Amino acid sequence: MNRKRLKTILWSNLMLLAVLGVRWQSQAQDAQVENKTYTHIAPIEQYLMADRDTEIALARSGAPESISRDAEILVLGPHGYETAVKGKSGFVCLVERSWMAPFDDPEFLNPDQRLPLCMNRPAAQTHLPLTFKTTELAFAGMSKTQISDSIKAAFDKKELPLPAPGSICYMMSKQQFFSRRVGNATPHLMFWLPQQDHVDWGADSPDSPLDVHQYSPQPVTEFSIDVSKWSDGTPAPKD
Amino acid sequence: MNERLVSKAAWGNLVLIFLLSAAGGMRAQENKNPYPNMAPVAQYRMDRNAEIAMARTAAPESISKDAGVMVLGQKNYETAVESKNGFVCLVGRSWLAPFGTAEFWNPKNRSPECLNPQAVQSMLPYTLKTAGMVLAGFSQTQIHDGIKAAVDSKELGAPVVGSLIYMMSKEGYLTDKVPHNLDHLMYDLPSMDGAAWGANLPGVPIFFRRLDPAPITEFYVVMTEWSDGTPVEAATQAASPSHTHSN
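Residue numbers (the numbering used here), protein chains in the order written: chain D, 3 to 241; chain H, 94 to 340.
If we strip away everything but chain H, and leave its shape as in the complex, we get:
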C-alpha cells in the first residue's frame, strides 16, 4: 500500500474524537464559538455553475453524470439539473452539522454529496426543511424545534431502507479542522445503537453518529480514493463530520 495513503485506523481515531467532541446539547459554548450566529447569507452562496460542478464531485462520474443537481436558491435548494438515474447531488452547508456544534454557522463549509434514490426520498426532505428555515432567518433553536416538530408530526421520518449518500469529493470543506475534508460513504438507518454495527470500535472501519431530533443513525465508511479515482493522501483526509444530514 502507498505509504502516503491514509491509515484508516489513524483517521478513524480522529473521526471518533471529532464525533465525540461534536456531540453536545443545544447550548453552544458561545464564548469559544467562532460562528455564534448566521453570517450574511451571501457568504453561503456560490456561483451557480460552480455549485453544479462541485455537487457532482461528491460521487464517481458514472453516478454523478446522470444525477439531478440542486443548488442553493433564494429561499431553498432548487433543481438545476433533472435526474436521470434517481440520484441527486448538492452542496450541503454548515447548518447540516449537529445542533450546538461550533461550526453550525461556518460559512466556509461546502459539503458536496450525492444521495441515492432511497436517500432522496427520506433524507433530502431534512435538508430542504432545514435550508428553508435557515434562509427564512430562523435561529438555530428555532430550526431544531422545527425539525423536532416535523418528526413528531411525521412530516419527516426514518430513513428508507437502502439510503446511501456519497461524500467522496476532493473539494469538500467540511470543517475548519485541518485538513478540512473526509472521504466517506454514509449509510442512514432508523435510529439504532452504533454498536449494532461494531462502529467506533478499535480497528473497525466504520463510525457512527446518532442524530437528534431526527430518528436516524448515520454510519460512515471511510474511503481511500476520491470520486475521481485518485488516492486519498494523508494531508487531505481528516476527521470531519461537522456535517450530517438532519440533526
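Isolated chain D, as found in the complex:
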C-alpha cells in the first residue's frame, strides 16, 4: 500500500472516529438529560413563561373551548399563581409546573414541564390550595424531601382539604409537555377522590380503560381515562 493511500485511510478513520465520538457524546448528553432528576428548584425564571398572554392561551388549551372560554385563568408569577382572567363558569385553568408531579416522578422539579389543565369548581376548591401551597414551598427553595414532608404535615393537620365529590380535571392540551422522555403523553380526564382502593374502580389492570395514581404523601387517589381527541378536536395518537 503506498503512503498516500495509507494516509487517506488513516484520515478517513480519524474522521469517522470524530463523527462517532460527537454522536456518542450527544447520545450520552441526551441520556443524561432524559435520566436527570432534580432535587432542588432551578432558578425560578426557568419555570416562568415570558409572555403572559401565551400562558393564558396555553392554560385554556387544557379543555375544549366550550369550557375554557368562561373559565378563570391563573398564570404563574414570581411570587406564585395570580388571576389573569376572572371566570364565569366555576372552571379554573392554569399551567401546572413539575412540582405538582408525584414525588416519585423523575420529572419532579423539571423546569421544562408545562401542564395545562382545567378543573371544575369542586376540584378547584380542593386542589388549588394544594397547588398554591406546593408552589410556595418550591419557590422557598425547599428540597423535594422538605416539600413532601411539609405537604404531609399540612394534610395531617387538615390544613389542606381532601378532594370534593365530583372533582374532575381536563388535561386535553396538544401543547402539554411532561418531559423529553414522556413528551406530550395523551389527552385525558382525571378524577380526584380521597384515597381509596383502586381495585374498587377496576383500574390499573392490563385491560382496564382506567389508570390510577395513588399519591403520597397526599391522601389522594387519581383515576384517569384517555380520550380520543385533543381539546382542539383533532384526533390524538393511540398509545
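For the record, the hints were derived by calculation from the structure and aren't laboratory data. A quick note: this is a predicted structure, and the numbers were derived from the prediction, not measured. There could be a bad hint or two in this list.
As the list claims (entries may be wrong) - Have a look at the derived ranges for each label pair, beta carbon to beta carbon:
hint, chain 1, residue 1, chain 2, residue 2, range
1, D, Asp72, H, Lys168, 49 to 57 Å
2, H, Thr172, D, Asp158, 36 to 44 Å
3, D, Glu47, H, Glu264, 34 to 42 Å
As the list claims (entries may be wrong) - Straight line, CA to CA, 30 Å or less: simulated DSBU-like cross-link-like pairs of lysine-lysine:
hint, chain 1, residue 1, chain 2, residue 2
4, D, Lys135, D, Lys146
5, D, Lys88, D, Lys176
6, H, Lys158, H, Lys222
7, D, Lys240, H, Lys158
8, D, Lys90, D, Lys231
9, D, Lys154, D, Lys135
10, H, Lys222, D, Lys231
11, H, Lys247, H, Lys270
12, D, Lys240, H, Lys263
13, D, Lys231, H, Lys263
14, D, Lys38, D, Lys135
15, D, Lys159, D, Lys146
Idealized CB from N, CA, C, for every residue including glycine.
Assemble the complex: chain D is given as a structure, and chain H must be docked to it using the hints.
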C-alpha cells in the same frame, strides 16, 4: 387513529340529541309509542347461562371474571355467582330507561352492566326495587311513584362517592335506534347540574342525564374500545341511553 373508529364528537352529538329527546314527563306519547305497555314477561327473560355470560361482557375480563353475577328470576334479580371483588354484573332491561320514554317497555333491551362496590351499595338497590315492581305487574306510573316514595322515605338515596358502572359490552342492545349500542362508563353522583362537569358542551367527551325522581346525575364517558379490547367501529356505536339506572 383508525378512520373507522367513531368520532367522539359525532357520537357525542347523537347522544346529546337522544338525551334531550328522551327527557320527558310521565305522560308518554302513546300514539307514537311502539311499547305502550309491558310485553309478556317471557320476552324479557333469557337463558340463565347466556345471561351470565352477557352480564360479564359489560366490563373487561380482569374485572368481570371475579364479579358477582345476578340474573332475572321470577320475582326479581337473583344471585347466580357470588362476587369475589365487590363488583356485580347483570343484564339490565328496558325499565331502567327514563320514565315516559318510548322504549320503557321495549322487550328487546339488553343492557349489560358491571357495578363497582360503591355502585352496588347505592345504585343496585334502585335496579332491584324497579325490577321487583315490574315483575309484580305494576304500571309505569306505579313504578315511578314507588321509586319516589322510596326516595322520600330514604329507603333509596344518593349515590355513594365513587359509584362507577361499566357498560362496555359489544353485545348490548340499548335502543331500537340504529346501531343500538353505546360503549361507555357511567359515573353516578348526587343530583347536580351537568354543567359542573362541562358535560354536553361542544367538544367535551362527557354527557349527562339528571334523573327524576332519583336524586342522581349520571355522567357518561364514551369509550373507543369494547370490553374485549376491540375498537369501536362506526357501525356499532350510537346514541343510546334508553337506559339509566334509577329514573
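Okay, the hints, checked on the actual structure:
A beta carbon spacing of about 50 Å between D:Asp72 and H:Lys168 agrees with the range 49 to 57 Å that was offered as a hint. Range check, H:Thr172 to D:Asp158: Cβ separation about 42 Å, and the 36 to 44 Å hint holds. At about 57 Å, the beta-carbon gap between D:Glu47 and H:Glu264 misses the expected band of 34 to 42 Å. For the proposed pair D:Lys135 and D:Lys146, the alpha carbon gap of about 14 Å is at most 30 Å, so the pair holds.
Under the criterion of a C-alpha separation no larger than 30 Å, the hint pairing D:Lys88 with D:Lys176 is consistent with the structure, at around 24 Å. At roughly 26 Å between alpha-carbon atoms, H:Lys158 and H:Lys222 fall within 30 Å of each other, so this suggested pair holds. Proposed proximity of D:Lys240 and H:Lys158 is supported: the alpha carbons are some 27 Å apart, at most 30 Å. Taking the CA atoms of D:Lys90 and D:Lys231, the gap is about 25 Å. The hint holds against a cut of 30 Å.
With a C-alpha separation of about 11 Å, the suggested pairing of D:Lys154 with D:Lys135 holds against the 30 Å cut-off. The suggested pairing of H:Lys222 with D:Lys231 is violated, with an alpha-carbon distance near 39 Å, which exceeds 30 Å. Proximity of H:Lys247 to H:Lys270 is assessed by CA-CA distance (about 36 Å); at most 30 Å being required, the pair is judged violated. At roughly 20 Å between alpha-carbon atoms, D:Lys240 and H:Lys263 fall within 30 Å of each other, so this suggested pair holds.
A threshold of 30 Å between alpha carbons decides the hint, and for D:Lys231 with H:Lys263 the separation of about 22 Å falls inside it, so the pair holds. As the CA atoms of D:Lys38 and D:Lys135 are separated by approximately 25 Å, the hinted pair is consistent with the 30 Å bound. With a CA separation close to 20 Å, the supplied pair D:Lys159 and D:Lys146 stays within the 30 Å bound.
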